[in-house]
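With the hints as constraints, model all of the structure from the sequences given.
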Amino acid sequence: MKLKNLVGDRFKNRPSDCQIDSHAIMIRGGYIKYMANGIFSSYTPVKRITRKIEQIIREEMDAIDGQEVQFPVVMPAGIWEESGRYESIGSELLRFRDRNGSPMVLGMTHEEASVHLVREYAQSYTKYPFMIYQIQTKFRDEARPRGGLIRVREFTMKDAYSFHTSQEDLEEYYEKCHKAYERIFRRCGVPEVVSVKSDSGMMGGSVSHEFMLLTPVGEDSIAICSECGYSANMEASESIVENTRDEFSQSLEKVFTPNIHTIEEVCDFLKTPVEKSCKAVVYQKNEDDSYVTVFLRGDMDVNETKLRNLIGAEIHPAVITEESCLHAGFIGPVGISENTMVLFDSSLKNTNNLSCGANEDEYHFTGLDLSRDVPNAEYHDLAKIKDGGICPCCRKKSISVSRGIEVGNIFQLGTKYTKAMGMTYLDSEGNSQYPIMGCYGIGVGRLSASVCEAHHDDYGPIWPMPIAPWQVHICAVRSDNEQVRATADNLYKTLTDMGIEVIYDDREVSAGVMFADADLLGVPLRVIVSPRNLKDNCCELVSRDKTFSDKKSVGEVANAVAEYVKEKMNI
RNA sequence: CGAGGUGUGGCUCAGUUUGGUAGAGCGCUACGUUCGGGACGUAGAAGCCGCAGGUUCGAAUCCUGUCACCUCGACCA
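With the working numbering applied, the first sequence corresponds to residues 1 to 571, in that order.
I should point out that these hints are in silico values taken from the structure, not numbers from a laboratory.
Treat the numbers as computed from the prediction; the structure is a model and nothing was measured.
Accuracy of the hints is not assured; some may be wrong.
DEER-style ranges, computed between Cβ atoms [to be verified]:
hint: 1; residue 1: Arg144; residue 2: Glu175; range: 33 to 41 angstroms
hint: 2; residue 1: Gln19; residue 2: Val69; range: 33 to 41 angstroms
hint: 3; residue 1: Gly101; residue 2: Lys2; range: 46 to 54 angstroms
The beta-carbon is built from N, C-alpha and C at its ideal position, and this holds for glycine as well.
Here is the structure:
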């Protein structure tokens with residue numbers, strides 16, 4: 001199409017309320033228009049981008065046997081009452097009543113709808129497994145939208161739901177979906193998206209991953225190990241922070257004099273009854289029979305799960321007593337402060353040392369004989385992971401913490417929704433079973449904004465060819481010149497006939513305006529037709545990212561463009 | 001929901017302290033001169049100064065209330 005017909009203003013000033021670049025660019029470039037808090041309209045360029053992203057998603061979902069369906073945006077409260085989420089979700093779920101006074105909700109996610117859709121169909125194990133997905137508008141009444149399309153209240157999302165008859169089958173499919181996601185992000189031009197372990201939050205279930213585009217403006221903090229590839233959202237990451245022995249000892253002395261305390265003294269300090277003061281978790285290492293002992297405070301149940309993931313071994317809870325300490329190789333009382341755990345290994349066996357735990361501000365227990373050198377002792381605070389900290393997986397000091405935008409996620413849901421909503425099937429032996437579910441989401445609009453955030457310069461976005469609003473941008477500099485106009489018109493027609501998507505700027509404006517607008521549209525390949533070039537009977541090809549430029553004779557330019565486009569489409 | 005900030009043509013902002021006819025630049029319209037990185041001249045159009053009360057001869061400006069937005073928290077399939 002011709003640029004002069006494109007609806008939407010492009011302008012020079014950065015709007016003052018835009019905090020992040022992608023937001024400013026999308027406003028300045030005529031991509032989106034603000035309507036209300038967290039609610040935007042999209043102009044043609046961003047609509048074309050998201051349409052292409054959606055098409056890529058469709059192809060990859062279909063390739064793993066997904067079936068596209070569509071759920072309603074407006075749903076009766078009833079099915080949300082079945083799952084229990086009508087009550088459990090807060091004001092993020094928009095509730096209202098229809099003309100008859102029936103309670104309704106605006107869909108913010110569609111687990112309930114997906115179960116509702118298939119629970120009559122899938123009553124036999126022979127129907128499984130299957131996956132259904134949709135690409136559709138969702139509404140979440142977010143407390144604080146921000147960053148243009150990064151965090152909005154109304155948005156388009158691809159959400160998929162798979163149903164299985166065994167955990168193994170779910171895990172196998174989950175892995176397939178994980179790989180499909182990697183292909184999607186690669187094809188959208190952001191192969192740098194990483195998957196990280198995450199908390200499953202209100203979705204329920206156990207295993208989940210988030211797909212994060214790493215960028216300083218992201219809302220989440222992610223810990224990544226450069227050595228072993230471990231990665232996790234900070235919310236979910238187990239962490240190990242090493243304290244040097246000196247720091248540790250110094251801090252410890254502020255709280256206790258270095259001598260042996262009784263368990264009563266420690267418990268008194270911790271304000272915890274003796275009988276339920278602590279529990280020890282002891283497990284046996286694979287190698288050389290040595291022990292690692294972890295002491296948890298009695299009410300730290302949540303960390304037990306994390307710990308199991310961390311250690312990858314059975315854990316044996318026991319109330320700490322003199323006996324259990326002895327068993328673990330230690331003598332005397334042990335206490336742990338809130339959010340603090342201590343790991344140490346059995347090379348300490350038969351010393352008189354007890355362990356000490358630390359958090360950032362306080363060191364809460366004692367028994368350590370500071371006069372003795374204990375070279376193998378490790379003092380760890382598992383409460384917070386830090387930049388430069390120790391990787392919980394490979395134990396090297398190789399953790400780096402980055403910010404990231406969550407552009408997708410995948411969950412192993414289990415039977416939470418099928419149970420709650422009474423969906424069952426008969427297995428091959430005639431027993432009634434609950435199907436096991438997985439769910440898989442990608443925020444389409446957020447992904448487009450994330451690509452912009454990851455690939456832009458001071459002048460505008462640099463869209464990857466597969467999702468660019470147009471593939472080629474023709475600038476007819478001095479279109480009042482007859483030869484320029486004729487050449488550019490002809491090139492526009494030729495390329496369009498070849499099936500290439502062209503935005504054609506034949507306005508009679510100065511070159512500066514023309515190039516600035518082209519930069520804001522971010523089309524990956526630009527063809528400049530101008531009197532200066534035509535003097536040599538050629539046209540100029542320039543890539544938006546400035547890494548490529550070439551001159552081709554007027555006769556060759558169309559083929560050269562087609563070749564370039566074709567090459568860049570296959571990334 | 002808590003703390004702070006901002007509301008003035010489409011955009012960026014000045015004017016508010018000390019009340020006195022509504023301002024600039026960009027953008028927009030017309031004509032002319034320019035023409036490879038947001039050119040210039042001339043002439044125009046466009047604003048109930050977020051909204052509602054109040055004080056005053058007179059309010060963008062002072063007072064009260066309210067709404068919206070921004071930032072930081074809380075929250076967040």
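Practice task
For the range 46 to 54 angstroms, tell me whether the beta carbons of Gly101 and Lys2 fit it or not.
Solution key: Cβ of Gly101 to Cβ of Lys2: about 52 angstroms, so the range 46 to 54 angstroms holds.
Practice task
Given the range 33 to 41 angstroms, decide if the beta-carbon distance of Arg144 to Glu175 lies inside it.
Solution key: holds, 35 angstroms
Problem - Beta-carbon spacing of Gln19 to Val69 - inside the hinted bounds 33 to 41 angstroms or not - result: holds, 37 angstroms
Violated hints are absent here; each numbered hint is respected by the structure.
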